[in-house]
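Novice: What follows is the residue order along each chain.
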Amino acid sequence: MAGIRNEIRRLRFENGEMTQAELATRIGVTRQTVNAIEQNKYSPSLEVAFRMAVVFGVPLERVFQYESEGRIGAA
Amino acid sequence: MTSDPESWTEVRDNMPFREKSAWIQMISAVAVWGYYFWTVALALAAGQSVHFVGLFVGCVIGLVVLQIVLSIFAALFALRDAKAPSDEREKLIALKAVRIAFVVLNIGIITLAVVGPIFARPLLPGIADAGMIVMVNGILLAMVIAEVVRCSSQIVYFRLGG
Numbered sequence: 001m002a003g004i005r006n007e008i009r010r011l012r013f014e015n016g017e018m019t020q021a022e023l024a025t026r027i028g029v030t031r032q033t034v035n036a037i038e039q040n041k042y043s044p045s046l047e048v049a050f051r052m053a054v055v056f057g058v059p060l061e062r063v064f065q066y067e068s069e070g071r072i073g074a075a
Numbered sequence: 001m002t003s004d005p006e007s008w009t010e011v012r013d014n015m016p017f018r019e020k021s022a023w024i025q026m027i028s029a030v031a032v033w034g035y036y037f038w039t040v041a042l043a044l045a046a047g048q049s050v051h052f053v054g055l056f057v058g059c060v061i062g063l064v065v066l067q068i069v070l071s072i073f074a075a076l077f078a079l080r081d082a083k084a085p086s087d088e089r090e091k092l093i094a095l096k097a098v099r100i101a102f103v104v105l106n107i108g109i110i111t112l113a114v115v116g117p118i119f120a121r122p123l124l125p126g127i128a129d130a131g132m133i134v135m136v137n138g139i140l141l142a143m144v145i146a147e148v149v150r151c152s153s154q155i156v157y158f159r160l161g162g
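Protein chains in written order, with the numbering used here: chain A, 1 to 75; chain B, 1 to 162.
Hints in this document: simulated from the structure, not taken from any laboratory.
Don't take every hint at face value.
Said to hold, decoys possible - Away from chain A, derived, C-beta distances all over 10 Å, residues of chain B:
(1) Pro16
(2) Leu70
(3) Leu105
(4) Asn106
(5) Ile118
(6) Leu160
Claimed, not checked - Under the rule of at most 20 Å between Cα atoms (straight-line distance), these lysine to aspartate or glutamate pairs were calculated in the EDC-like manner:
(7) Lys41/A to Glu19/B
(8) Lys96/B to Glu19/B
(9) Lys91/B to Glu47/A
(10) Lys83/B to Glu22/A
(11) Lys91/B to Glu38/A
All C-beta atoms, glycine included, are put in the ideal place defined by N, C-alpha and C.
Using the sequences and the accompanying hints, generate a full structural model.
Specialist: If you want it as structure tokens, here you go:
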């Protein structure tokens with residue numbers, strides 16, 4: 001089944017155990033929105049996705065991956 | 001520092017401020033307009049005249065005061081959330097909820113336009129302006145139901161994540 005997955009939780013952990021609230025403040029959304037994105041309940045806009053990648057200092061495809069028919073590819 | 005991100009847990013708060021706002025709007029609307037329609041129904045059933053305008057204005061003022069007080073109370077516990085502008089997910093949720101409420105409002109108004117004139121006289125026998133009373137209060141009821149649907153839709157979308 002197609003869908004977008006993410007590594008936000010791991011990236012937050014690797015960035016000094018950044019809290020959802022800290023990440024939310026830095027990308028300009030609420031903590032609850034970060035939580036919804038992290039749990040794959042909400043797909044963010046490209047702008048928010050890129051902001052996350054900038055905060056973590058990694059390419060976008062390290063933050064989000066697109067899963068299609070059992071095959072995982074970069075976003 | 002934890003060694004495994006999978007076992008890493010954060011202390012999670014509470015519901016977002018805008019979900020609290022939706023609860024406040026829904027509960028206050030049900031309470032105030034419930035009182036209004038209950039008062040109107042009792043008066044009409046007893047064959048008494050009702051000062052609709054006075055009751056309506058009183059309810060509107062009561063609703064505004066109630067919502068302001070409850071919103072201030074809710075904001076005191078989440079000052080940062082309350083001050084922050086809506087983000088993209090909250091705006092999307094608000095739009096989705098308005099779309100659903102708009103459909104409900106349309107159905108209510110159309111139903112009222114068709115059914116109202118037919119049932120006004122049998123519902124309120126012997127009352128002058130029965131058609132007008134049913135029409136005005138029916139429109140108000142449709143608006144209240146649409147508002148409750150808007151708020152409850154917002155709450156459901158917040159719970160689902162967006």
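Novice: Determine for every hint whether it applies to the structure shown.
Specialist: Each hint tested on the structure:
1. Pro16: violated (4 Å)
2. Leu70: Consistent with the label, Leu70/B stays out of reach of chain A, its closest Cβ about 20 Å off (over 10 Å).
3. Leu105: The claim holds: Leu105/B sits with its nearest Cβ about 27 Å from chain A, beyond 10 Å.
4. Asn106: Asn106/B clear of chain A: closest Cβ-Cβ about 28 Å, beyond 10 Å.
5. Ile118: holds (46 Å)
6. Leu160: violated (7 Å)
7. Lys41/A to Glu19/B: holds (16 Å)
8. Lys96/B to Glu19/B: Judged against 20 Å, a Cα distance of about 14 Å means the pair holds.
9. Lys91/B to Glu47/A: holds (15 Å)
10. Lys83/B to Glu22/A: Between Lys83/B and Glu22/A the Cα gap is close to 17 Å, so the pair holds against 20 Å.
11. Lys91/B to Glu38/A: holds (19 Å)
Consistency note: the structure conflicts with the earlier hints numbered 1, 6.
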